[in-house]
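Chains A and B, in that order, give the protein sequences. Take 1 as the starting number for the first sequence in the numbering used here and just add one per residue. Take 334 as the starting number for the second sequence in the numbering used here and just add one per residue.
Calculated directly from the structure, the hints in this document are not laboratory data. Hints may contain errors.
[What the hints assert, rightly or not] Quick list of the computed label-pair ranges, beta carbon to beta carbon: (1) A:263 with B:581: 12 to 22 Å; (2) B:585 with A:10: 28 to 38 Å; (3) A:151 with B:408: 35 to 45 Å; (4) A:48 with B:443: 43 to 53 Å; (5) B:646 with A:135: 43 to 53 Å; (6) A:87 with B:466: 27 to 37 Å; (7) A:147 with B:651: 40 to 50 Å; (8) A:151 with B:466: 48 to 58 Å; (9) B:339 with A:151: 41 to 51 Å; (10) B:646 with A:86: 27 to 37 Å; (11) A:200 with B:551: 20 to 30 Å; (12) B:394 with A:151: 53 to 63 Å.
[Unchecked claim] To be clear about the criterion: a stretch of chain B counts as covered by chain A if any three or more of its residues have a C-beta under 8 Å from a C-beta of chain A, and this derived list gives those stretches: (13) 479 to 491; (14) 550 to 559; (15) 569 to 583.
Note that CB positions come from ideal geometry on N, CA and C, so glycine has one too.
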Amino acid sequence: MSVGPVLSLRDVSVSVPGRGARGARALAVDRVSVDIAAGEVLGIVGESGAGKSLLASAVTGLLPPRAGLSGGEVWIAGARVDHLPEARLRRLRGRVVGTVFQDPLGALNPLMTIGAQLAETIAVHLPLSRSAARQRAAEALAEVGIPAPADRLGCYPHELSGGMRQRVGIALALCAAPALLIADEPTTALDVSVQAQILALLKRLCRDRGMAVMLITHDMGVIAETADRIAVLYAGRLVETGPVRDVLDTPCHPYTDGLVAAVPRIDGRPGRLAQIPGAMPPPGARPAGCAFHPRCALARDRCRKDPAPEVAAAGGRAACWFPCRSLPARTDP
Amino acid sequence: MRAHLIRRVLQSGLVLLVVGFVAFSMFRFVGDPVDNMLGPERTQADIARLRTDLGLDRPIPVQYARYLAQAVQGNLGVSYRLGRPVADILAERAPATLELAAVSGLLALVGGVALGVLTAIRRGGIATGVLMTLSLVGVSLPTFLIGIGLIYVFAICLGWLPSFGRGDTVQIGGWTTGLLTASGRRALILPALTLGLYQMTLIMRLVRSQMLEVLSHDHIRFARARGLPEWRVLFRHALQNALVPVITVAGLQLGSIIAFAIVTETVFQWPGLGLMFINAIRFVDIPVMAAYLMLISAMFVAINLLVDLLYLFIDPRLRPAQQRSGG
Chain A
1 MSVGPVLSLR
11 DVSVSVPGRG
21 ARGARALAVD
31 RVSVDIAAGE
41 VLGIVGESGA
51 GKSLLASAVT
61 GLLPPRAGLS
71 GGEVWIAGAR
81 VDHLPEARLR
91 RLRGRVVGTV
101 FQDPLGALNP
111 LMTIGAQLAE
121 TIAVHLPLSR
131 SAARQRAAEA
141 LAEVGIPAPA
151 DRLGCYPHEL
161 SGGMRQRVGI
171 ALALCAAPAL
181 LIADEPTTAL
191 DVSVQAQILA
201 LLKRLCRDRG
211 MAVMLITHDM
221 GVIAETADRI
231 AVLYAGRLVE
241 TGPVRDVLDT
251 PCHPYTDGLV
261 AAVPRIDGRP
271 GRLAQIPGAM
281 PPPGARPAGC
291 AFHPRCALAR
301 DRCRKDPAPE
311 VAAAGGRAAC
321 WFPCRSLPAR
331 TDP
Chain B
334 MRAHLIRRVL
344 QSGLVLLVVG
354 FVAFSMFRFV
364 GDPVDNMLGP
374 ERTQADIARL
384 RTDLGLDRPI
394 PVQYARYLAQ
404 AVQGNLGVSY
414 RLGRPVADIL
424 AERAPATLEL
434 AAVSGLLALV
444 GGVALGVLTA
454 IRRGGIATGV
464 LMTLSLVGVS
474 LPTFLIGIGL
484 IYVFAICLGW
494 LPSFGRGDTV
504 QIGGWTTGLL
514 TASGRRALIL
524 PALTLGLYQM
534 TLIMRLVRSQ
544 MLEVLSHDHI
554 RFARARGLPE
564 WRVLFRHALQ
574 NALVPVITVA
584 GLQLGSIIAF
594 AIVTETVFQW
604 PGLGLMFINA
614 IRFVDIPVMA
624 AYLMLISAMF
634 VAINLLVDLL
644 YLFIDPRLRP
654 AQQRSGG
């Protein structure tokens, strides 16, 4: 494996049809750049509609029908992949980039046994005989912590519990040992106790295999528990990125600050939860200047006029005119 | 599993009984067979004697019970018009209808699924637009109009195909088949098209909508994300799931193909069960009518039963649970 990052997104933009019949196309993801190194978990957080899933889909070119990559570069293991033809992209999927989805029941074909789904995936990627593929399928289930894996091969998805299904989903994503795993809200549909197991499993696989993991979630708790670095998306833009401890302890962007403050704490005193007022604007209806300014308590004239600049922040970068940490020194130009 | 099977078979038997009774109750409105059977020189005594001989003076439930008791022993009665055992007439007529229905059913199923998949995959294409418009015509035109139209174009204007009859047939055991002779096959084309067109367009539209629905599911996205080739995603994962509801409709359609054959057989003078039934009605030939209706309802019920069992085979979620795992 090369020394550089496994995944490198450079100013990636994704456009979607604007609202109305002949609306102009709008950017749902706007010039986002992130890197993920081998053995590292990058957590991507943001509200629904912030562009997290579109960004993840853009990596392997599996964007929804009307969305399209409208700019930027995608590099995987040192090779640029964003304008590869569909046939070449398909060979990356599953083999170099594995994907885990949110709803493990919906993601599995209900009419096929999990053994058959594993075997067909293995057969596509690895030159194995039928019996060897079946053997490999059982091993893949064992690796994700499923007891009695050989017996489970004959099960249909509906015969397994939610946590088991998500383990199967992970086994399917990993059966060709990809260098990068994209986990799109992998625990959102699961019980809290099962969530922790799945997150621990992802983290272990990431460490053991030296795999890069892109973990998409809207749950700051999941990020705090699992990620090494964090990237916060707001309205399609990357507003803050950095090592997870630094960002959570000293958030620089007011939006990150709001997200961290909005997490309910068991040990905290009961009281009103901190809220971020207002709602995120949809693509195509984003205000001029910094997209967050209508909801930002600290917004000034400058924020309403000019797009926010990137500034150095707690171990990473933030896109803000007046990052929280420089509060005392803030002066309106 | 076995209990389910037994229950379904019993239900089917009950449905058959009820259908038969309703059919029997309606025969009294069709006319009086005795009028047709005796000449104009009849006396009141003749009529009364014949009614007693045929059992027509008994109440309907009694007539029905007697009919069933005989039918169970394989005796379907004697045709009033032809004076021959009804079972023989049915055996003679059935091959023509079954061949016609099988060919149209196959045409409808293969054509419908293929076109449905095609129009679902090439969603915005020109061919899709044309096919969808044509399918609307196919769904809304009555069968006899399609038949007459086909006869006009291919038999009268172009003169390519015969407009009536079954062509030459070959006897194999008790089965007469038109499939083994050139003229028999040529004669089959227009009736089969007429009979199958409606079902084909129906299945096509259903397959298309099901495919579009399934293609938007997460497990299709996941199959693509796993790197499966597109043909496998479409035909293994999408089509298999799309076909589950199609099976019910296709099963019912197969039943109605046999039933609707009446119209097509009349238009093409096809010597099958449907034509036999129409002639029987004209003569109030109750044993033939009763046998036909019982046969058709038996086929419907059998096909439904088969579809139910096929469901269990295809969709594991409907099978009784065997094992569950925690975690």
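Which of the stated hints cannot be reconciled with the structure, identified by number in ascending sequence? 1, 2, 3, 5, 7, 9 and 13
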